[in-house]
Amino acid sequence: DVKVTQSSRYLVKRTGEKVFLECVQDMDHENMFWYRQDPGLGLRLIYFSYDVKMKEKGDIPEGYSVSREKKERFSLILESASTNQTSMYLCASSLGQGVHNEQFFGPGTRLTVL
Amino acid sequence: GENVEQHPSTLSVQEGDSAVIKCTYSDSASNYFPWYKQELGKGPQLIIDIRSNVGEKKDQRIAVTLNKTAKHFSLHITETQPEDSAVYFCAAPWNNDMRFGAGTRLTVKP
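In order, the protein sequences belong to chains S and G. Sequential numbering of the first sequence, starting at 1, is according to this note's numbering. Sequential numbering of the second sequence, starting at 1001, is according to this note's numbering.
Pulled out of the complex, with its shape left as it was, chain S reads as follows (with noise of 0.2 Å):
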């Protein structure tokens, strides 16, 4: 079974620090994303990544930044973080190109920011 990984499932940080979300998957996908999920808004894309050192930009990108440097590890760093980054922040990955490929999600870290 694919399994998606993420470091923490609670988080507590203050404004302006600098914040780090690792996920970790073991099926050797190329494909990675991060998601923000808000009640009523669904899920929005932060960021993914087709390969190793790839990345690309989705819906709401200001605020975040994301790092790729092997293909089984996506980190979602928040620069400085704002109150208005609490949420709950979910990774997923699939297999290869293209988006007819399930996407497998991770536990989800839910971040608050004080």
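So the derived list for chain S, only partly shown, Cβ under 7 Å to chain G, looks like this:
1) Gly42
2) Leu43
3) Phe48
4) His100
5) Gly108
It is worth saying that the hints were derived from the structure and are not from the lab. Here the structure is a predicted model, which means the values were calculated and not measured. Beta carbons: idealized from backbone N, C-alpha and C, even for Gly.
Place chain G on chain S using the hints.
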């Protein structure tokens, strides 16, 4: 860009009844429509998908129908059980990623 609208936002049914969730999309070129189920404390998980060369697909108690002319697709759950309680998301492709609906919180009352 692709716009996916999902209704209703919440749905409550009695155990044994049917539940229907509907989604509309805007890009007529879209040809793959998955449905994800998110249980409490977990990430979403694919439960069924449909491609545009078929109008309906069934898997036990769940089915998905697609109307390409009207640009909408629906999830049907029959004989609902308490374990069907979850948040359900529809999605449609856009460029090289997916657009998700806002989600439907389904509650099945025993």
